[in-house]
Amino acid sequence: MLIYLYIFYIYKTVAIDEKLRKRLKKLSAWLDITQSELIRRALTLFEKKILQEKQTTVKPNLILSQELEIKKMLEEATKIIWELDPNRKIIQQKLFLGNDTLDEILLNNWKTGLEE
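Numbering (my numbering), first residue to last: 1 to 116.
These aren't lab readings, by the way, just hints derived from the structure by calculation.
Remember, it's a predicted structure, so these values are computed and weren't measured experimentally.
The beta-carbon is built from N, C-alpha and C at its ideal position, and this holds for glycine as well.
The reader is advised that the hints may include incorrect statements.
Said to hold, decoys possible - Derived pair list, reagent style BS3-like, types lysine-lysine, alpha-carbon separation capped at 25 Å: (1) Lys48 x Lys71; (2) Lys89 x Lys71; (3) Lys72 x Lys48; (4) Lys49 x Lys72; (5) Lys49 x Lys26; (6) Lys79 x Lys89; (7) Lys48 x Lys79; (8) Lys71 x Lys94; (9) Lys94 x Lys79.
To be verified - Beta-carbon label-pair distances, calculated as ranges: (10) Glu53 x Leu27: 22 to 32 Å; (11) Arg41 x Trp82: 44 to 54 Å; (12) Leu74 x Lys49: 26 to 36 Å; (13) Thr34 x Asn109: 54 to 64 Å; (14) Ala42 x Asp85: 51 to 61 Å.
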């Protein structure tokens, strides 16, 4: 008994004008990819661009003035914390400047327990 396996490909068509078809053909030949691959890549790039433009932020209702108020509040809190703990201020400023690596900062400020 012979078993025949038929594989059918189902193609969906999209109507495009002649100019666009020629551009598609030329570009796919130049890139050495199939026309369907070219369309897939173009759609992927287009979706990424649109999603980046239309993407809502985590804080959509936050107004610029509110952001500035929050920034001021955080700066004031930082000043208060730095006044209470000057060592923290030194360490954080070193981290912000980025001159030393994190390893160097840890080694320079490591408390061994052997101090007075």
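Structure-based check of each hint:
no.: 1; hint: Lys48 x Lys71; verdict: violated, 31 Å
no.: 2; hint: Lys89 x Lys71; verdict: holds, 18 Å
no.: 3; hint: Lys72 x Lys48; verdict: violated, 34 Å
no.: 4; hint: Lys49 x Lys72; verdict: violated, 33 Å
no.: 5; hint: Lys49 x Lys26; verdict: holds, 24 Å
no.: 6; hint: Lys79 x Lys89; verdict: holds, 9 Å
no.: 7; hint: Lys48 x Lys79; verdict: violated, 41 Å
no.: 8; hint: Lys71 x Lys94; verdict: holds, 21 Å
no.: 9; hint: Lys94 x Lys79; verdict: holds, 16 Å
no.: 10; hint: Glu53 x Leu27: 22 to 32 Å; verdict: holds, 24 Å
no.: 11; hint: Arg41 x Trp82: 44 to 54 Å; verdict: holds, 51 Å
no.: 12; hint: Leu74 x Lys49: 26 to 36 Å; verdict: holds, 33 Å
no.: 13; hint: Thr34 x Asn109: 54 to 64 Å; verdict: holds, 60 Å
no.: 14; hint: Ala42 x Asp85: 51 to 61 Å; verdict: holds, 55 Å
In terms of the numbered hints stated before, the structure departs from hints 1, 3, 4, 7, listed from lowest to highest.
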